[in-house]
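Participant: Chain by chain, the residues:
Number of protein chains: 2
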Amino acid sequence: MTNHSALPTPSALIDEKKMSCNIDRMQRRIAELGPRFRPHVKTSKCLEVVQRQLAAGAQGITVSTLKEAENFFAAGIDDILYAVCLAPNKIEQAASLIDRGCRLTVVVDSAAAAGMISARKTPLGKTFRTMIEVDTDGHRSGIRPQSEELLEIGKILAGGIAELAGVMTHAGSSYDVDTLEALQEIAEQERRLCVLAAERLRGAGYDCPEVSIGSTPTALSARSLEGVTEVRAGVYVFFDLVMKNVGVCGIDDIALSVATTVIGHQPEKGWAIVDAGWMAMSRDRGTQKQKKDYGYGAVCDISGAVIPGFMLASANQEHGILAAENGIAAQDIARIFPIGTQLRILPNHACATGAQFPEYRTINNDGSTAVWERFHGW
Amino acid sequence: MTNHSALPTPSALIDEKKMSCNIDRMQRRIAELGPRFRPHVKTSKCLEVVQRQLAAGAQGITVSTLKEAENFFAAGIDDILYAVCLAPNKIEQAASLIDRGCRLTVVVDSAAAAGMISARKTPLGKTFRTMIEVDTDGHRSGIRPQSEELLEIGKILAGGIAELAGVMTHAGSSYDVDTLEALQEIAEQERRLCVLAAERLRGAGYDCPEVSIGSTPTALSARSLEGVTEVRAGVYVFFDLVMKNVGVCGIDDIALSVATTVIGHQPEKGWAIVDAGWMAMSRDRGTQKQKKDYGYGAVCDISGAVIPGFMLASANQEHGILAAENGIAAQDIARIFPIGTQLRILPNHACATGAQFPEYRTINNDGSTAVWERFHGW
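For the record, the sequence lines run as chains A and B. Its first residue numbered 783, the first sequence is counted upward by one per residue in the numbering used here. Its first residue numbered 783, the second sequence is counted upward by one per residue in the numbering used here.
Wrong hints could be hidden among the right ones.
Take a look, some chain A residues computed to stay more than 10 Å from chain B by CB distance [unchecked claim]:
no., residue
1, R885
2, E963
3, E967
If you only want the chain B side, here are some residues facing chain A, beta carbon under 10 Å, derived [unchecked claim]:
no., residue
4, P790
5, M898
6, W1060
7, D1066
8, R1067
9, I1121
10, E1141
11, T1144
12, F1157
Calculated from the structure, these hints are not laboratory results. Here the structure is a predicted model, which is why all the values come from computation and not from measurement. Idealized CB from N, CA, C, for every residue including glycine.
Starting from the given sequences, assemble the full structure and let the hints guide the process.
Facilitator: Given below as C-alpha cells:
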C-alpha cells in the first residue's frame, strides 16, 4: 500500500516538455520545406495546446467539427479550415461563423455539395470560401485528381457565388505503413496528386491558389513539398503508440499518457487491475494490426519511464488488466505493482484517448502542474 | 440533396418508448424472481434516464466512478454502490460522500484494501459500508468464493471499524456466449458461487446481509435467484448490437442510436460517407468476435427502421464509411443514399457510444423531443 499520491486517477497527463519538442519539430520541418503549417486541433480540442502551436509559427487551424470552429473562433482564432465535407444541415452554422467574421474555409468533394454552396451567399451576403477535397490514396473521401468530376466541381464553384480557395487532401493510408521508404512514397504521391489536381483546375481556367496536404506521417517524411502551399497534421502534437509503430516518433516522444492506480490483483493469472479501463484509454486498438501490439497501452512508472515487458492487456469500462506482454503470468505481480501503485499508460491513439477526458493535467520538469480544459461533442 | 433536416448530426438519440419498455421488462423480471434491483448508471450517466429507472421500482443505483456518485447524490439519490474496488487515492472522496449523508457502499477484493478501509473512520466518525467482490467466472476482479482469502478479508472487515455489508459479483463472461443454455448456466454459476461466498462468511461468524449479483445477460436469463438480495444491470436500459448478438434483446429493442447525415460517396467502392465516425460511434468493435459483425454499427432510416444489407463498415474520427454488408460495392450508392440523407446508426456498445456525447436527444412517438444532459470524466 505505497504511493498514496493525491493525483486523481484516471487522469490525462500532458508532458509539456515533450509536447513543446513535438510542436517545434513539426514547425521547423515544414518551415524548412517551405509551406505554411496549419495544425489539426481535433487531437487536443484544447486552447492552451493550440496557443502553443500558433506561438511556434502555425498559421491558422484545421478543425474536424463546427464545434471546434466555434470554440476556437470564440477564443480569437479566425483562420479556420473545416476539413470535413460540409453537410447540408451544417450550412447555416457555417454561414453564421462567416458572418461573424471567421475566415472559415469549407470543403466539398461532389457536384451536389458544390452546387449547394455555390448557389447561395450567407445572410450578410458573403461567399463560402471553398476547397475541393482530392482523393490521393483511396482511403476515404475526395474526388480523383484525374477525374472529369474535378473540373465539373471547379466549374460549378467558379461559375457560382462561392470562392474556389484551392484543393486539399489527407493521405490517411500513411498510418498503414512502417518504413521510411513507404512513408516517403505516400508523401510524394500525396503531394504530386494534389498538385496535379490544382494544375488541372488552373489549366481549365479556374483560380486555385491553395494546395493543402497532410497527415502526421507524411508531413514528417516528405522530401519535397514543391507546389504545396500548406501542410496540416494533428496527432504529432502528442504522438502515440500507433505513430511510434509507423516510425515517425520514439516511445519517449509521446507527450500524452493516462495516470492510473493499481486497485487489485489476480496473482494466478499475473494480472494487476488498474483504474484505467477503456473509458479512460478509449476502445482504440490501433496497434492491433501493427508490428507491435500494445493492447490498450504501454506501461510506464509514474515519472514516465517505460516499464518493459508489461502492457494494458485488456480493458473493461473502468478496469484495466495489466499483464506481461509475453503472456506468461507474473505470479509476483502484487509485489511488483502493489495496490496503490501509480503508473502512466501510453495510449494507442492520442486523439481517441484525449477525447475521453474533460481536461488534461500538465506535468512539467520543475514539478509544476496545471489543468487545461478540453471540450467534446458537436 | 434531400432531407435537409434541422436535426444536428451526429446526435445521440434515445427512443423513449423503447427505453421505457426495456426498463419495465428488467424491473418486472427481477421483481418476479424476488430480489431488489439496483441499476448500473454507468451506461447513461444521465439523470432523466436514472429517474425513470427509479420510478419503475429500482432501489438505489450502482456507479462505476465517484463522479457518478457525486452527480447523482447531488440530485438526491443517496443509496449508491460504487462497484469498482476502492483505490487508496479515492478514500478521502468516498469518506466525504459518506459524511455528507450518502449511503455509499464501497468494494474491496484484497486483504490490503480491506485493511486500509477497516483501519479508519470518516472525518465525522462514520464507518465504511463495504462489500467483498467475489470472482464467479474468472473474467476480471474479485476473490474466489472457495478461497481462504475470502475469510481473511471477512475477518479484517469484521474485526476492524468497517461494516461488512455483503458480497457482490459481476459475471462479465456472460457477454461472450450466445445461447440461452449457456446464459442460464453462467447465471446459475454467478448466483451459486456468490451465495456460497456469503454462506462461508456467515459460517465463519461474520454478518453478510447482502448478496448482490448481475449483468444484463445473466439478469435476463436466470431461472432462480435464491439467496440473492439484489441484482445489478446497466446496458439493458438502451440495449445494443452486442446484446442482440448475445441473444437477450431484438434489434428493434435498441433504444440508443446515432443520427448521421450523408456527406459524400465513393461510388466505385460502393461507399457512402457519413458524418458519424468513431468519435460519434466510439471505437468499440464489440460485435467483431460475435456471430454477426456489424462493423461500427447497423444502418436504419431516420425513423429507426433497419435498412438490411448495409452497415457502418469503417470509421475515421469524423467520417463513417457506410457500405454493403456483403462487401460487394453498391455502385448506385449515391442514388440510394443521396447527400443530405439522414440515418440512424445502432451502436455495438451503448455504454461506449453514449459516452462520446455531452447530451442525448429524445425521440418520442408523438414527435416531441427533449435534450437530456449527460456527463463524462472522473
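Participant: Does each hint fit the structure? Answer for all of them.
Facilitator: Results for each hint:
1. R885: holds, 21 Å
2. E963: holds, 25 Å
3. E967: With a cut-off of 10 Å, E967 (chain A) remains clear of chain B, as the shortest Cβ separation is near 21 Å.
4. P790: holds, 7 Å
5. M898: Result: holds, 6 Å to nearest chain A Cβ.
6. W1060: holds, 7 Å
7. D1066: holds, 4 Å
8. R1067: Holds, because the Cβ-Cβ distance from R1067 (chain B) to chain A comes to roughly 7 Å (cut-off 10 Å).
9. I1121: Holds - the Cβ of I1121 (chain B) comes within 10 Å of chain A, reaching about 5 Å at its closest.
10. E1141: Cβ of E1141 (chain B) sits 7 Å from chain A, so the hint holds.
11. T1144: T1144 (chain B) check fails; min Cβ-Cβ to chain A is 17 Å, beyond 10 Å.
12. F1157: OK, holds: F1157 (chain B) within 10 Å of chain A, min 8 Å.
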